[in-house]
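The listed protein sequences derive, respectively, from chains A and B.
Per the numbering used here, the first sequence starts with residue -16, numbered consecutively.
Per the numbering used here, the second sequence starts with residue 6, numbered consecutively.
Think of the hints as simulated: they come from the structure by calculation, not from any bench.
Given the structure is predicted, the values throughout are model-derived calculations rather than measurements.
Don't take every hint at face value.
To be verified - For each label pair, taking beta carbons as the anchor points, the in silico distance ranges come out as: (1) A:20 <-> B:129: 38 to 44 Å; (2) A:-8 <-> B:244: 54 to 60 Å; (3) A:95 <-> B:139: 21 to 27 Å; (4) B:210 <-> A:75: 34 to 40 Å.
Glycine included, each C-beta is placed from N, C-alpha and C at the ideal position.
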Amino acid sequence: MPGVLWVPAALALALIVLPVLGLLTRVDPARLPELLTSEAALDALELSVRTSLVATVLSLVFGGPLAVVLARARVRGSRVLRAVVLLPLVLPPVVGGLALLYLLGRTGPLGGLLDDAGLRLPYTTAAVVLAQTFVAMPFLVVGLEGALRSADARYEQVAATLGAGPWTTFRRVTVPMLLPALGSSVVLTFARALGEFGATITFAGSLQGTTRTLPLAIYTTAQSDVDAAVAMSLLLVVLALLVIGVAGTRAVEGRT
Amino acid sequence: MVGPRVVAALAGLALLAAGCSTGGGEQAQGERTVTVLAAASLTESFDQLAERFEAENPGVEVQVDYAGSSTLVEQLTQGRRADVFASADTKNMDKATKAGVTGGEPQVFATNKLTIAVPKGNPDHIGSLADLTAPGRLVVQCAPEVPCGSASATVERAAGLDIKPASEENDVKSVLRKVAAGEADAGLVYVTDARSAADQVQAVDFPEADQAVNDYPIVALKDAPEPELAAKFLDYVRGPVGEQVLTEHGFGSE
């Protein structure tokens, strides 16, 4: 490795680390315990963890199979499909929120039907989960699909020639091959759901205990009490680091 | 392999591009810019005032940046330089004064009060603040942390009511958007906001609104790059043209 690469590499790292350290300089240690245990902070933390977990499970249940289909099924236009799956990753989250609102809001085509049936999504915790799943699921799909494409499809073919049905092959060959990638993808999906802001506030609104997740609470609190907002930001950073650190590093590095 | 000279050249190029884009906004022939930081609720009226000010003062460009008053104060205390600051409430102006970023005494130039925004035609026949507490009513209002939210809390207290909102938004425009989009039955917004969206919502005024009249103070900033223009724009806002434009948009005069 050429030594000169150290310089831009260090700058890149500084760009990520220094702002987070800057956050630390704004924290008032004397007020920290009181700020972190406020009802608003605890409500938001609990809601965030709960909804992000559900969003991750939903991403796994629906996004997992989608990854397999994208990587293994021979369908025409799969390249277009793959691009569509990536869309939530590149769209501004507010656009995602508006899209969800115009489909599932009271006046939306699907939301109107739900409303007639007495079901309302906006302003509910379910809307938070939906927004998080919309934004975070692509991380799971892309992660798994990439792993499947680089994995050797011949193992599955061999299993098939040995008489294993599609379900057995999937269960005994495909899934075990995917396990390392699954870990990192699940962690990324959870972390992304945890940080989701724009789609949530646009589609689900913001109400303490129901829809105000930690990122939303930080934004609202910052309007009147910057110290409290910084304390909550710190909470989110620590949580994200824990998730990535405990579950993530090994998985991201591709070991099981 | 990419040599150090190439890396340096790339870095230099990046810096050059960054420098160009920030300098690109400035006009040649010595055009002067007065930078105004204004509360989001002033968007329509200040856009119009800026345009008229520019027309009357050739060679002057008015750049108005709209955001929540508290966001703007935070930016100012973090060292953002601008010429004029117009806040949607005295609380945030006091914060700015305390932080030492203002130059001179803030002057109240307009007032605003709340109204109930309902979808055009008022399908739910909302006629008073008390109607918002009806069961199943989908009401959206501002969070108590922002000025429109503290005004909402004040009028509720004055009326002895406890409205249970479906959502507490961070700014009044979000509340308005939800009503305009039909995603809420009613929302508490400023008179001026309801008027700005008159083609989609209508306003239901209520007597308790008089209990929470918001004062809008304006001030020239201490380290204003264009102190002379700042003073001139301030006088313009407080003068006859300013009053006319602000009244047209639903603001009250102090």
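Okay, residue 210 (chain B) versus residue 75 (chain A) on CB: inside 34 to 40 Å? Cβ of residue 210 (chain B) to Cβ of residue 75 (chain A): about 36 Å, so the range 34 to 40 Å holds.
Could you see if the CB distance from residue 20 (chain A) to residue 129 (chain B) stays within 38 to 44 Å? holds (40 Å)
Please check whether residue 95 (chain A) and residue 139 (chain B) have a Cβ separation lying inside 21 to 27 Å. Taking Cβ atoms as reference, residue 95 (chain A) and residue 139 (chain B) lie about 22 Å apart, which means the hint holds.
Is the hinted range of 54 to 60 Å satisfied by the C-beta distance from residue -8 (chain A) to residue 244 (chain B)? Hint holds: Cβ distance 57 Å, inside 54 to 60 Å.
No hint from the list above goes unmet by this structure.
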